[in-house]
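A.B. asks: Take the given structure of chain L and dock chain F to it, following the hints.
Here the protein sequences come in this chain order: L and F.
Per our numbering, residue 3 is the first one in the first sequence, and the count goes up by one each step.
Per our numbering, residue 56 is the first one in the second sequence, and the count goes up by one each step.
Source of the hints: derived by calculation from the structure; they are not laboratory data.
Treat each hint with caution, since some may be false.
[To be verified] From the structure, some residues in chain L lie toward chain F, with a derived Cβ separation under 10 Å:
1. L8
2. L13
3. D15
4. C39
Glycine included, each C-beta is placed from N, C-alpha and C at the ideal position.
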Amino acid sequence: MNCSELITTFLADYFEGTLPPDTLADFEHHLDVCESCVAYLQSYRATITMAGAAGTAPRVDVQDVPEDLVKAILDVTQP
Amino acid sequence: MALLRDGDAGAYETLVRTHMPMMLRVARRFMRSEEDARDAVQDAFVSAFRSIGKFGSNAQLSTWLHRIVINACLMRLRTQRRRPEEDIEEYLPRFRDDGHQVPPSEPWAETADTILQRTELVGVVRAAIDQLPDTYREVLLLRDIEELSTDEAAEALGVTPNAVKIRLHRARQALRTLLDPYMRPVSR
Chain L
3 MNCSELITTF LADYFEGTLP PDTLADFEHH LDVCESCVAY LQSYRATITM
53 AGAAGTAPRV DVQDVPEDLV KAILDVTQP
Chain F
56 MALLRDGDAG AYETLVRTHM PMMLRVARRF MRSEEDARDA VQDAFVSAFR
106 SIGKFGSNAQ LSTWLHRIVI NACLMRLRTQ RRRPEEDIEE YLPRFRDDGH
156 QVPPSEPWAE TADTILQRTE LVGVVRAAID QLPDTYREVL LLRDIEELST
206 DEAAEALGVT PNAVKIRLHR ARQALRTLLD PYMRPVSR
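Isolated chain L, as found in the complex (with noise of 0.2 Å):
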């Protein structure tokens, strides 16, 4: 397995955990001899951690009721 498979075909499924095992065997030889591989790996893990914490991060610059919202949304729904 060189750099390019490792990235480009397995990674996704290694980080599923759906790699069979002779495929993942070779995965884990190719991240012991690899520097750069390793460090991919690690940021591309950091980088779905920090996907979901900031997209989910609270924001203090708007309101979580408006008003105006409320109104309008009351005004085509009501029965």
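C.D. replies: Okay, now just chain F, sitting in the frame of chain L:
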């Protein structure tokens, strides 16, 4: 729920006020302006009230509304498409003919946890997500932020689960490329 199905006005207002914060948070993640986010939330409530009779008594109301507001956002985004899918290529890693990455990856200076304690970087991450081409941005939002399963995301987007897997991997790779310059050690 019985009051909602009976068209009770007070129950409608209670539902709107209770679930609006969640609905707006989701819509603000998907839509690029506050106005679009509010419009998507309004679309979602209208859709929810129209189909309240179909709501299953065993389902979680918040989960049902979460899905409805996501669908409302995706519908609006489809009418605002601006960038073709192939734009993602410039953000994907490159390799030599022998399979080695060029340039090689270098370790990031900090972990995700310490990076996110730097509040200015939360904005950097959000801006980077917004730079992704829409079809990839949507998959990333659905899977890594809204935490839908691959099958749920596929259903929401009207594509196959395999297409979701491929797009998600490419979206994560592209986001990593966009964040890389901010995460390198300062001395480099």
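A.B. asks: Hint by hint, say whether it matches the structure.
C.D. replies: Now for the hints, and whether the structure bears them out:
Given hint, L8/L at the interface with chain F, holds; its Cβ is 9 Å from that chain's nearest Cβ, closer than 10 Å. Because the closest C-beta pair between L13/L and chain F is about 7 Å apart, less than 10 Å, the hint holds. Among the interface hints, the one on D15/L holds; its C-beta lies about 8 Å from the nearest C-beta in chain F, closer than the 10 Å criterion. Of the supplied interface hints, the one on C39/L holds, with its beta-carbon coming within about 7 Å of a beta-carbon of chain F, less than 10 Å.
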